[in-house]
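These protein sequence lines map, in sequence, to chains A and B. Note that the numbering used here has the first sequence beginning at 1, numbered continuously upward. Note that the numbering used here has the second sequence beginning at 1001, numbered continuously upward.
These aren't lab readings, by the way, just hints derived from the structure by calculation. Heads up, none of these hints are tricks.
Not the full set, but computed from the structure, chain A residues with beta-carbon under 10 angstroms of chain B:
| no. | residue |
| --- | --- |
| 1 | 43 |
| 2 | 44 |
| 3 | 49 |
| 4 | 87 |
| 5 | 100 |
| 6 | 102 |
Some, not all, of what chain B presents toward chain A, calculated at C-beta under 8 angstroms:
| no. | residue |
| --- | --- |
| 7 | 1033 |
| 8 | 1048 |
| 9 | 1055 |
| 10 | 1099 |
| 11 | 1104 |
For glycine and all other residues, C-beta sits at the position ideal for the given N, C-alpha and C.
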Amino acid sequence: QQPVQSPQAVILREGEDAVINCSSSKALYSVHWYRQKHGEAPVFLMILLKGGEQKGHEKISASFNEKKQQSSLYLTASQLSYSGTYFCGTVSYNTDKLIFGTGTRLQVFP
Amino acid sequence: DAGVTQSPTHLIKTRGQQVTLRCSPKSGHDTVSWYQQALGQGPQFIFQYYEEEERQRGNFPDRFSGHQFPNYSSELNVNALLLGDSALYLCASSSISGTEAFFGQGTRLTVV
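Start from the sequences, fold in the hints, and give me the full structure.
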């Protein structure tokens, strides 16, 4: 089943922060985060493999709570380039299928 | 190092026709997955190929089939095209021993 993301959409001013959540009904082995700009392919941001793991890339970080089957993506001091649709992708145990979430559209304005 | 490449970039077909899309994975990757992305939706998993065999499959009819070649490149075939097959078709490559999946730019298929 498809992971559910919240919120569905976020509107920010440059410099503001945002959190995007991803929740699954299945036990997760890993969570992947992607950003997709209009008309382009999804771009890999990061992957989280272990429960409670946190990762960061510049001003974008994420956490993964394996027990709750949830992950959150944190965008700090947003930039115009952060605009796009963010997807979480989840891989459950005993499968290699990467299943994408419902997506969160993020718009950053000057 | 070339990333994932897909061809063609755009395609227009008529209902009932057949189409073949192609994907060359990133260097060092041996696994190819195909996704269908309708406008405004997230990518939907079609199937995954490794060692020239289909390993996983999503909820797509048998009209969707694929193939992987010894050089790890892959094809997606869709028979008896329907209007609802119009979408962006994405190929993602990864390593069976690794974790990250990288996407190609996609093929925009329009069925008229």
